[in-house]
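Heads up: the protein sequence lines correspond to chains R and E, in order.
So for the first sequence, this note's numbering puts the first residue at 36; every next one is plus one.
So for the second sequence, this note's numbering puts the first residue at 5; every next one is plus one.
If you're looking for bench data, these hints aren't it; they were derived computationally from the structure.
Check before you lean on any hint, since a few could be wrong.
Over the 12 Å line for every Cβ pair with chain E, so calculated as not near, a few chain R residues [stated by the list, open to error]:
# : residue
1 : 88
2 : 150
3 : 215
4 : 254
5 : 343
6 : 363
7 : 444
8 : 471
9 : 480
Here are the computed distance ranges between Cβ atoms for each label pair [said to hold, decoys possible]:
#  : chain 1 : residue 1 : chain 2 : residue 2 : range
10 : R       : 379       : E       : 95        : 53 to 61 Å
11 : E       : 24        : R       : 132       : 40 to 48 Å
12 : E       : 8         : R       : 417       : 29 to 37 Å
13 : R       : 132       : E       : 92        : 25 to 33 Å
We treat Cβ as the ideally placed atom computed from N, Cα and C, and that holds for glycine.
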Amino acid sequence: MFKKILIANRGEIAVRIIRACNELGIKTVAVHSEADTDALHVKMADESICIGPAPATDSYLNVPNIISAATITGADAIHPGYGFLAENTYFADVCESCKIKFIGPSKEAIQKMGDKIQARKLMEKAGIPIVPGTTEPLKLDDPEIPKIAKKIGYPIIIKATAGGGGKGMRIVTSEETLKMAISTAQTEAKAAFGNDQVYIEKLIEEPKHIEFQIAADKFGNTVYFPERECTVQRKHQKMVEESPSPVIDNNLRKKMGRIAVKAAKSVNYTTVGTIEFILDKKGDFFFLEMNTRIQVEHPVTEMTTQTDLVKEMIKLANDEKLKYDSEDIGIFGHSIECRINAEDSEKDFLPSPGKIESLVLPGGPGVRIDTHIYDGYTVPPYYDSLIAKVIVNGRNRQESIIRMRRALKEFRISGIKTTIPIQTKILQHDVFQKGDYYTNFIVKHIYGV
Amino acid sequence: MQTEEIKKFLELIKNTDIEELFWESNDSKISLKRADVTASQQSPQQEQQKNGQIEGQKKQDTPMFNGKTVTSIKSPIVGIFYRAESSDHPPLVMEGGKVISGQRVAIIEAMKIMRDVLSPVKGKIVKILVENGHPVQYGQDLFHIDTEEPK
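Please model the entire structure based on the sequences and the hints provided.
Here it is in structure tokens:
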């Protein structure tokens, strides 16, 4: 087993990984920017190294400093968390050359699934249903494009191949705005991801976002976990997730789960990852994308299945064999997660960094908090606004909704603004209660954003 | 031995690289050892790994030397700090020595690449804070330079 793992990340996920390492008896190295000197992950790790000034490009994305930090501390593995370098093939490659184990899939799997166009083509070839659309990058002056768009059928969505996490997309409702939309999308994609390749997908109206956690060892064993529903989103950012989904029965779960496994196997995937699907109102589902990393919402699955996905990920990276099949994974009640961001939900979600003057975290039965904040901590302005995840588990969906309402009420924080007010509204809403909600839920029922 | 003489020995140790001094004469002898030397049989990396901390990690708000504010040269990267080009070469600079702006004062090795550390100022090196071959993190103080012109 690894002796020492360097966590190439910050915030709540760094804390999460350190916890898993502690339980596995593995020493930990935290890396941090100058803005994160007092961060919780730095306090919790066995060792810490400052790797740069506040801006992420100079610190958490600074490959030479991170690799150097691993070398000088004698770390034999690096866990990249999510975001930052987690899906960076160059970083995975450098780790390999320096004989440091990158805790994640192979750089080939990251590359294949990271290029969204290539991933779609791969899935199509493997016989996996994909959202109707193009599987080649678009050329702005290609005369066929209007015809292709018409065939797919408006409304359509232009997406960036190097995008993901809901970034770099443009909806087009008619042919008039098509060319302009493609041009803008290409420019934005180039600026955001350094790659201007875009493709078209049919815009599925009133979809549900259903994803499957998978785990795979290097011996060819791949399992799927019960689905997570992540439909409650604001501007393509997930706000509330739940598992299992209120609309998926055992048959559909098995059907989609097996397809998720097939998708993962097609790129020889190892450790843990997630396959995302779109489920339309007719009950048809389509591959959307694969996330080749541990995800923010992994605790929902952990609570519902009583598993530890981060420990599992480390064990699988250590070439251990999966000890169970998909059928062995039980469903224990129902779980819900709320992503609490340091944003002012009354001022168009304006980021709200600053000092936390007082903090009381929720507790009691079936309540879990994954966070890096503490009383007196100053939330820095340089990074992601996620400050805490509140996850609850109940014997059934109704109990977990009541439990989440209680947990959000108990969460007391002053000094900064958070999204708790809006998540409270979501959990009180009877459309959410019924489970009959789509990705436009927040826009339609909560806010006019 | 007079107090004045002992004071002179202490100044000698403080202002140079000397770690240990033993002086003997017909009527007296004195042995002085620098207090912050952690003599160790282990390699710097091993020792640092055991201690779980990189030396010099505690932050100083404004570096001072003898009541004067000094300029810090901080590490621009994460790596191993070297005072000379190789073990066959002499150290690039010494404590008490003068430096000019742009002068190479140390080398930091990271991923097999050697990166020069240059002094941003002209002045006198009053303290070298990291031992040769020890790991350093980003922003760690390496040298304290007194930039005040002597009167």
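Status of the hints after comparison with the structure:
1. 88: Check fails; 8 Å does not lie beyond 12 Å.
2. 150: holds, 27 Å
3. 215: It holds; residue 215 of chain R is separated from chain E by about 44 Å at its closest Cβ, greater than 12 Å.
4. 254: holds, 33 Å
5. 343: Nearest chain E Cβ is 25 Å from residue 343 of chain R, so the label holds.
6. 363: holds, 40 Å
7. 444: holds, 40 Å
8. 471: Answer for residue 471 of chain R: holds, closest chain E Cβ roughly 51 Å.
9. 480: Non-interface label on residue 480 of chain R holds, nearest chain E Cβ at 47 Å vs cutoff 12 Å.
10. R:379 with E:95: 53 to 61 Å: holds, 55 Å
11. E:24 with R:132: 40 to 48 Å: About 43 Å separates the Cβ atoms of residue 24 of chain E and residue 132 of chain R, which means 40 to 48 Å holds.
12. E:8 with R:417: 29 to 37 Å: violated, 55 Å
13. R:132 with E:92: 25 to 33 Å: holds, 29 Å
The structure fails hints 1, 12 (numbered hints given earlier, in ascending order).
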